[in-house]
Amino acid sequence: MSSKNDSTTETSPKGTVVLNEERCKGCTYCVRFCPTGALEMTDRLNPKGYRLPTLAHPEKCNGCDLCGMYCPDFAIYGKRLKKKQQEEE
Amino acid sequence: MTEIKAHPVDGLLRTDRIPHIWCPGCGVGTSVNCFTRAIEKVGMDLDKLHVVSGIGCTGRVAGYINVDSFHTTHGRALAFATGLSLSRPDSKVVVYSGDGDLTAIGGNHLIHAARRNVDMTVICVNNYTYGMTGGQVTPTTPDKALASTAPFGNYEYTFNVPHLAVSSGATYVARWTVFHVRQLTRAMTKALRHKGFSFIEVLSPCPTLYMRRNKLGAAVNLMEYFKENAVVQDGADTATVGLESGETIIGEFVNVRKPTLKECYEERMSEALGDEFVPYEGDK
Ligand code: SF4
Ligand code: SF4
Ligand code: SF4
Chain A
1 MSSKNDSTTE
11 TSPKGTVVLN
21 EERCKGCTYC
31 VRFCPTGALE
41 MTDRLNPKGY
51 RLPTLAHPEK
61 CNGCDLCGMY
71 CPDFAIYGKR
81 LKKKQQEEE
Chain B
1 MTEIKAHPVD
11 GLLRTDRIPH
21 IWCPGCGVGT
31 SVNCFTRAIE
41 KVGMDLDKLH
51 VVSGIGCTGR
61 VAGYINVDSF
71 HTTHGRALAF
81 ATGLSLSRPD
91 SKVVVYSGDG
101 DLTAIGGNHL
111 IHAARRNVDM
121 TVICVNNYTY
131 GMTGGQVTPT
141 TPDKALASTA
151 PFGNYEYTFN
161 VPHLAVSSGA
171 TYVARWTVFH
181 VRQLTRAMTK
191 ALRHKGFSFI
201 EVLSPCPTLY
211 MRRNKLGAAV
221 NLMEYFKENA
231 VVQDGADTAT
241 VGLESGETII
251 GEFVNVRKPT
261 LKECYEERMS
271 EALGDEFVPY
281 EGDK
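Sequences listed follow chains A and B, in order.
Numbering-wise (this note's numbering), the first sequence opens with residue 1 and increments by one.
Numbering-wise (this note's numbering), the second sequence opens with residue 1 and increments by one.
Keep in mind the hints are simulated off the structure, nothing from the lab.
Take the hints with a grain of salt, since some may be wrong.
Subject to a maximum C-alpha distance of 27 Å in a straight line, what follows is the list of computed DSSO-like cross-link-like pairs (lysine-lysine) [to be verified]:
| # | chain 1 | residue 1 | chain 2 | residue 2 |
| --- | --- | --- | --- | --- |
| 1 | B | Lys41 | A | Lys79 |
| 2 | A | Lys79 | B | Lys227 |
| 3 | A | Lys82 | B | Lys41 |
| 4 | B | Lys195 | B | Lys144 |
Note that the coordinates shown come from a computational prediction; the quantities given were computed from them, not determined experimentally.
Next comes chain A alone, as it looks inside the complex:
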C-alpha cells in the first residue's frame, strides 16, 4: 500500500478515486457528473478499446463517490481520505 508517496503538504486532497480499467466502457458519466470537475476523459484505451477517464485534478476530488454511483460498470469509485491516510495514497 505504501508504494506511492505523494507529498501531502499544503492543500491535500480530501478524496481520491479508484478505477478498475478492465471494467470501464468509456461512457463518460463519471466525468460529466462529478460535481467538482475532478475527472477528465483521456485518449488512453483499455484492452477492449474503451477510452478511459482519469483523475485529472486530484486536488478537486472530495471523495463523494458520486462517480461510483453513476458508473454503470462498477469500474470507478471515490473514497474520502482522512488526514493520516493521505500519505498512504
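Please arrange chain B with the ligands on chain A, whose structure you already have, making use of the hints.
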C-alpha cells in the same frame, strides 16, 4: 489508479460475470448500482432477499445480483414472484425487469399483482424499447419514435406507467431517472422497506437500440436531458404524469399502507373458519 481493486458493492455482485453484457452507457447498470446501495442501506439479510427477472436486457439483472435469483420466461416474473412472496412470507421479493417484459408481455400480471397488493417490489427500467430483441415498439415507446417495428414512427398511444400501477392498486409508486442516482437509491430503500406492492419506474437510456435509431446521440445526452428537464413533483396526480405531454415528471407519487394479499387472505379465512384456520408462516 491502475491497480485492480474491488468496487465497494462487489459483495452484492456476481463478479465472475463482470464486465456485464450491457452496452457502454446503458442505464440498467447505473440502476443496479443504485439498487446495490439501497440493499446495503436497508441492511437486509441477504438470505431473505430474492431477485426475479423476466426476459430482456433488464432481465439480465437477476444473473448479476449475488442473492438467490430466478430468471423466468418472458413476462412471467411477476407470476413467479407472487408465488415466491406467498410461500416465503419472511423474505423480500424484488422483480427487476424492463418496460416490455412488465407492461406488455407481463402486463396482465402487473395489474393483478398491483390489484392484490402482493408484498413485493417491482423495479421497472423503462428505456422505451425492447433492447435485447432488436428495438421493437413497446407500450412505452414515445409517439413518432422510430423502432424496428415502426420504421415510419410509432403511432400507438403510450402507457403512463405510474398511473397504470396506481390505478391497479399499487401502494408505493415512484418514478425517477438513472440521472437521479441519490433519489433513486432513496426510493429503492423505501420500496424495499414497504409492506405491499411497491413499484418504481426508472427512465433509462438505451443508447444502442433506441437512441441511435432516433438520432438522440450518446447515452450521456439523455442523462443531460433528464438533468435539465425532469421536474420533481412528489405526490403528483399520476393521471398528469404521462410522458406524452413532453414533460418528465418524477418523484414519489403514492405511499400508503393497505393490507397485503396475504393479510387479506388470512383475515378472510380467520373470519370464515375461526381457530381451524392456521396461517402459513413459511417453511420453518
Ligand atoms: S469522488 Fe466525487 S469529487 Fe471525486 S471524482 Fe468522484 S464524483 Fe468527483
Ligand atoms: S462511468 Fe464508469 S464506465 Fe463510464 S467512463 Fe466512468 S469509469 Fe468508465
Ligand atoms: S441494447 Fe439497449 S438496453 Fe440493451 S444493453 Fe444495450 S443499451 Fe442497454
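Hints and how they fare:
1. Distance restraint check for lysine 41 of chain B and lysine 79 of chain A: the Cα-Cα separation of roughly 17 Å lies within the 27 Å cut-off, and the hinted pair is therefore satisfied.
2. Among the hinted pairs, lysine 79 of chain A with lysine 227 of chain B is consistent with the structure: their alpha-carbon atoms are about 24 Å apart, no more than 27 Å.
3. In summary, the hint linking lysine 82 of chain A to lysine 41 of chain B is supported, as the alpha carbons are separated by about 23 Å, within the 27 Å threshold.
4. With a C-alpha separation of about 39 Å, the suggested pair lysine 195 of chain B and lysine 144 of chain B falls outside the 27 Å cut-off, and the hint is violated.
Checked against the numbered hints above, the structure breaks only hint 4 and satisfies the rest.
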